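Protein chains: 2
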Amino acid sequence: MPTIRILTESDLRGQVTLDLALVELIEQAFAALATKAVVMPPILSMEIPERHGEVDVKTAYVPGLEGFAIKISPGFFDNPKLGLPSLNGLMVLLSAETGIVQALLLDNGYLTDIRTAAAGAVAARHLAPSRVRTAAVLGAGVQAELQLEALSLVRPFEELLVWARDAAKAAAYAAKMSARLGLPVRAVASPEEAVRAAQVVVTTTPSREPLIRAEWLHPGLHITAMGSDAAGKNELDPAVLAHADLLVCDRVSQCSRLGELRSALEAGLLPAEPAPPELGQVIAGLAAGRRSDEQVTVADLTGTGIQDTAVATAAFARCKAAGVGSEIEA
Amino acid sequence: MPTIRILTESDLRGQVTLDLALVELIEQAFAALATKAVVMPPILSMEIPERHGEVDVKTAYVPGLEGFAIKISPGFFDNPKLGLPSLNGLMVLLSAETGIVQALLLDNGYLTDIRTAAAGAVAARHLAPSRVRTAAVLGAGVQAELQLEALSLVRPFEELLVWARDAAKAAAYAAKMSARLGLPVRAVASPEEAVRAAQVVVTTTPSREPLIRAEWLHPGLHITAMGSDAAGKNELDPAVLAHADLLVCDRVSQCSRLGELRSALEAGLLPAEPAPPELGQVIAGLAAGRRSDEQVTVADLTGTGIQDTAVATAAFARCKAAGVGSEIEA
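Protein chains in written order, with this note's numbering: chain A, 1 to 330; chain B, 1 to 330.
Rather than coming from a laboratory, the hints here were simulated on the basis of the structure. These numbers were taken from a predicted model, which means no experiment stands behind them. Just so you know, not all the hints are guaranteed correct.
Since the list can't tell identical chains apart, any single copy or any two copies may satisfy a pair.
[Unchecked claim] Listed below are the simulated SDA-like cross-link pairs for lysine to any residue, each with C-alpha atoms no more than 25 Å apart in a straight line: (1) K320 to L82; (2) K81 to P206; (3) K233 to A272; (4) K320 to R5; (5) K320 to T8; (6) K36 to E54; (7) K81 to A172; (8) K320 to T3.
Make the full structure from the sequences, and use the hints.
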């Protein structure tokens, strides 16, 4: 009788954390996307307008991994009125050999949070200038925290600037992250101030209007835009993408529908062909990354199923080895 | 702390069976598809050629139901070599109000089996002639059993003919089903013999070549074709659809890609417009069903997410009321 391992959020938090090993795991997953016969179908997306809700399902098969994840991510945006978080979710891990369910990862979105932050670090590792004195973040939510924690693993910085629409949240972020990172974190009054002063900027907002303008770009800047993951969202003025020396997508087919690339294509500021390189191609050496510390680079991240399969497979293996979680007969 | 109810196959088998109540539940779900603001995105489908495997994910939101299901159906066709079943799967039930996971239905495909059979009964109820003396089935697998069990609930028949490519399997089916249904079940030598003698024929095979020819059609015949659920499959000669007085689809958008309708469209034997009516429209009285006992009717069933949402919601409610299953803190 096959058994299914049930892993709760607390089981998973105890075994998988946002560290350099996770960054390298995600890096390898992106490399596989460029070099192996990965299968990654389009996201299944269902909107439930009358509930102000949506659910996305992502999956990917990566040759060589023992399992593949199917991730279910609901977002119900009236939940805060009920005292509940908007975002949620779980992953189902299936055997890549038999399709039999191996584990249910009831992570409430935790694994998504850390695999998303790890992708930001992967992008910075390959695209940011070699030395970063000042980092900046737009937004003050969970990803604003995790992205900068992840960035500090690959590009240790000396100070951090934060801008958020809600100044009180930016101030709270600054106090919290200063203690966590052990360095000065300062809230600034505008995205412009943040962008002009920083060598790396991470945008983590759900904005539908561009926050960063092309005239603020300066030599030696890298921007990772990870907030846009749906057709209406947009954090960067399309001219930013047109003016950058290098634009890299996590997955072109997704970015052209859901990411910053979409608005640049729609504005006619970028041609559809040739498509920008993908992060995995840069990692694998199949496309050039940053060529000098003077270049301006942009990473457009929408989140991919390979990240889910990679983190779920690793989390399951670690929990199993540590004897964490419960087993039920299916 | 929200809890998640875990329901195993044996929990579910104990609470939900293939009976008239289930047929009516599925009937109402189809009616909702025609009359309510149902949201049913296209199926997420991933093929893993190097493993001879595939996985489908279906979902649907039905206004008025407390939850919606996301169903994961893997099929790994080398599994029998390992002594494992090819088909598998589970359903995740989420709250339609908050998106929070309510239950994990570890049914190994059981709920899919019975909701698929129930849809066949719904089709027969609305399309078969009022009196059925002889029923016939092509195929001798699980659906061949369940479809005829379901048919007997809505059109009690006096004898059953079975044809299968493997004559030994057809004979075994005849013995088993004769005992189960309490009536004569006879294996026949050809699909033609089955079709010519029957008033209702159910096709349940994975055939990629047509099994039923138009010249065998006769007045007062209804055919439910439920085997084709993928682009390469085909049980009915496209001329059968063209010659029928009425063709009804479970979902036109699916049947035109995955069902019998696909081959008829590709053969140019049916026009794309006007599209055939859907089963839910017939149930709701928005489209005509069978008009006389002399007509020839065909139902093309590919399986829909609303059936999963309907059966999962009902199964959860029954198990919860009966105190069946275990609960874990998420």
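Going through the hints against the structure:
In this assembly of identical chains, the alpha carbons of K320 and L82 lie at most 25 Å apart only when taken from different copies (23 Å versus 35 Å within one copy). Taking identical chains as interchangeable, the C-alpha atoms of K81 and P206 lie at most 25 Å apart only when both belong to the same chain, with a minimum of 19 Å there against 49 Å between chains. Within a single copy, K233 and A272 get their C-alpha atoms as close as 19 Å, which meets the 25 Å cut-off; across copies the closest is 36 Å, which misses it. Taking the closest pair of Cα atoms, K320 and R5 come within 25 Å of each other both inside a single copy (8 Å) and across two copies (22 Å).
Taking CA atoms no more than 25 Å apart as the test, K320 paired with T8 passes in both settings, with 13 Å inside one copy and 21 Å between copies. In the homo-oligomer, the alpha carbons of K36 and E54 lie at most 25 Å apart only across protomers (18 Å), although the nearest pairing inside one protomer, at 32 Å, exceeds that limit. In this homomeric assembly, K81 and A172 come within 25 Å of each other (Cα to Cα) only inside a single copy, at 22 Å, whereas the closest approach across copies is 59 Å. For the identical chains of this complex, K320 and T3 are neighbours both inside a copy (12 Å) and across copies (23 Å), given an alpha-carbon limit of 25 Å.
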